[in-house]
Amino acid sequence: MNCKNAIKEISDYLDGELDPVVRQQLAQHLSECKECTIIVSQTKLTVELFCDAEMVPLPEQVSTRLHQALRAKLTQPS
Amino acid sequence: MLVGGRYIGQDRIGYFLALTSIPLNAPNPHKLPSRIAKEDEHLLVAAAKKGDTTAFEELVSRYERKIFRVTMNITRNQEDAEDAMQDAFLKAYSHLKDFSGDSRFYTWLVRIAANEALMRLRKRRPNVVSLDEPVEGEDDLMPREIQDWGPNPLQRFAQTEMNEILTGAIDTLSPDFRTVFVLRDIEELSTEETAKSLGISVPAVKSRLLRARLKLRQQLDRYFRQGGQN
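If you're matching them up, the sequences are chains A and B in order.
Using our numbering, read the first sequence as starting at 1 and increasing by one per residue.
Using our numbering, read the second sequence as starting at 1001 and increasing by one per residue.
Just so you know, the hints here were simulated from the structure itself, not pulled from any lab data.
Keep in mind that a hint or two might mislead.
Claimed, not checked - Per the computed footprint, the stretches of chain A lying under chain B, defined by three or more beta-carbons under 8 Å from a beta-carbon of chain B, are:
| # | region |
| --- | --- |
| 1 | 2-11 |
| 2 | 27-40 |
| 3 | 47-53 |
| 4 | 66-76 |
Said to hold, decoys possible - Some chain B residues well away from chain A (every beta-carbon gap over 12 Å; in silico):
| # | residue |
| --- | --- |
| 5 | H1042 |
| 6 | L1043 |
| 7 | V1045 |
| 8 | A1046 |
| 9 | D1098 |
| 10 | F1099 |
| 11 | S1103 |
| 12 | N1115 |
| 13 | K1123 |
| 14 | R1124 |
| 15 | K1196 |
Glycine included, C-beta positions come from ideal geometry on N, C-alpha and C.
Okay, chain B solo, but in the shape it has when bound (with noise of 0.2 Å):
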């Protein structure tokens, strides 16, 4: 059953009250901090491997906004996202039993939403999307025309402009570039885990990644740097 948001066995009732003093009214139900989130959350999968479609749904309301936060971050195209969310949770539930608790049960999903928002982005563009192609030469790392940004560009611009800017720049990213920044720098895989979920080396992952922030960095000089387009 679902405590306060909270999944409980019916044998851990008790203890799970005693650990929080969290009514069982609670409102907001999953904006529980983490900590507590997290007590619960093998007893979730453990319920849900076991059948119970209830636990399952918890799961997907705890994590279905980071996942459409990765597919969409893959695909740049919303339908793709959505579709790859479904298929994605869809086969976490038939593949829970291959969920062996070694890595956090968020990680296991985010590399299947991962791989399914590849599928989708090597569809539509079959020649553009490689993970396997070789990285790129040495020569077009050192930024050129370096400026001070000024104060923090936090406090210069609103939020949505924010928004704005950061998914112009990412937008500016090849695919295999821009799968890595997601995995490792939004959702925060470690660099193994990252490696491990795209079938690709260790070195790969580091290449990528350093590519894909110095390409960021670039794209908001325009508009962080002193005197920039703002």
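The following block holds chain A by itself, in its conformation from the complex (with noise of 0.2 Å):
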């Protein structure tokens, strides 16, 4: 396997979603290939810190008129 094909096996890799077969090229190619081991530790990081972040808060008069928008209509008659 050269790093070109190693790239493209990088996401289904990390997943756990690899064919043994192609896992095992690739964990052959990552032994010897300095570069694309730190891609994929690089990727892996990546897909881990927006995993972990918490980018986006919910303004609390977000969630005021969203519960007063649903307690409106939920409480209209049908």
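Dock chain to chain to rebuild the complex, using the hints, since each chain is given by itself in its own frame.
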């Protein structure tokens, strides 16, 4: 496996969704290629950072308006 | 009725009080361990299906933060995100009878919210958003100038600064890549659930997810590489 093919498999590799044969080929490539190993570990860290981040807080007034709107709609006689 | 933030039907009160030892006046009712929160979710959904608006509002309280995160991450516009969230919850309530319980309730909600958000994004940027557009070629996938990121970036940046970096990075993704990344990696839907939610194929989800992850890595590289702009 070369670098170009290895990069194509990174996502499935990180998700544990690689075919065992391809996984073995990729593992072999990573053991010999420092650059691809760095890309794999940085991509993994990238996903982890986004998973753990609290980038989008819910403003209190948005929550209040949501509950007000829901109560108004849900209590309307159908 | 709600007990300690959990919905309990009259016949199940004794069972649930025995199951957990949470006092009736427990503070922070929405910060219960997820295992416990999940135990009564089907009761809440069942009650809401019968028209119990209190049960539905409890479900809304549990998921409003996550659903706002979904709509905001897709639209990148607070007004659209708020509208999409409201309409998503209203649509969920009116279509509760269609929720079969085959998937998690949250997954079902996320699908509705993602579609509401995408609808607004398409209205705002009709020529930009098309989930059906063909994915780009493979030539641009290989990163260039690969450098170590050094010590864990989490230890080098304050949380506020890190959030700004991550927000800036996700803003650079095109809507079709960003939506797949949000559903798959941030909301943790499976590949199949993401494909079903967006009406695209599993290979298309995988292809866009790979590109989104690599583009985000590239964006973060500017900040995290040793000697980078920090």
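Right, here's what the structure says about each hint:
Counting residues of the region 2-11 of chain A whose beta carbon lies closer than 8 Å to any beta carbon of chain B gives 6, which reaches the threshold of three, so the coverage claim holds. A stretch counts as covered by a chain when three or more of its residues have a beta carbon under 8 Å from one of that chain; for the region 27-40 of chain A and chain B the count is 3, and the coverage holds. With a cut-off of 8 Å between beta carbons, the region 47-53 of chain A has 5 residues touching chain B; three or more are needed, and the interface restraint holds. A count of 8 residues in the region 66-76 of chain A with a Cβ less than 8 Å from any Cβ of chain B is obtained; the coverage claim is therefore met, three being the minimum.
No Cβ of chain A comes within 12 Å of the Cβ of B/H1042; the nearest lies about 20 Å off, and the non-interface call holds. For B/L1043, the condition that its CB be more than 12 Å from all CB atoms of chain A holds, with the nearest at approximately 19 Å. With 12 Å as the threshold on Cβ separation, the claim that B/V1045 sits away from chain A holds: the shortest Cβ distance comes to roughly 15 Å. Every CB of chain A lies more than 12 Å from the CB of B/A1046, the least distance being 17 Å, so the non-interface label holds.
Against chain A, the non-interface label of B/D1098 holds: every CB pair exceeds 12 Å, the least being about 17 Å. With a minimum CB-CB distance of about 16 Å to chain A, B/F1099 clears the 12 Å threshold, and the non-interface call stands. A cut-off of 12 Å between C-beta atoms confirms that B/S1103 is not in contact with chain A; the least separation is 19 Å. Consistency note on B/N1115: stated as away from chain A, and its beta-carbon is indeed over 12 Å from all of that chain's, at 18 Å minimum.
Against the 12 Å criterion, B/K1123 stays outside the reach of chain A, whose nearest CB is about 20 Å from its own CB. In this structure B/R1124 is separated from chain A by more than 12 Å, as the shortest Cβ-Cβ distance comes to about 18 Å. With a minimum CB-CB distance of about 17 Å to chain A, B/K1196 clears the 12 Å threshold, and the non-interface call stands.
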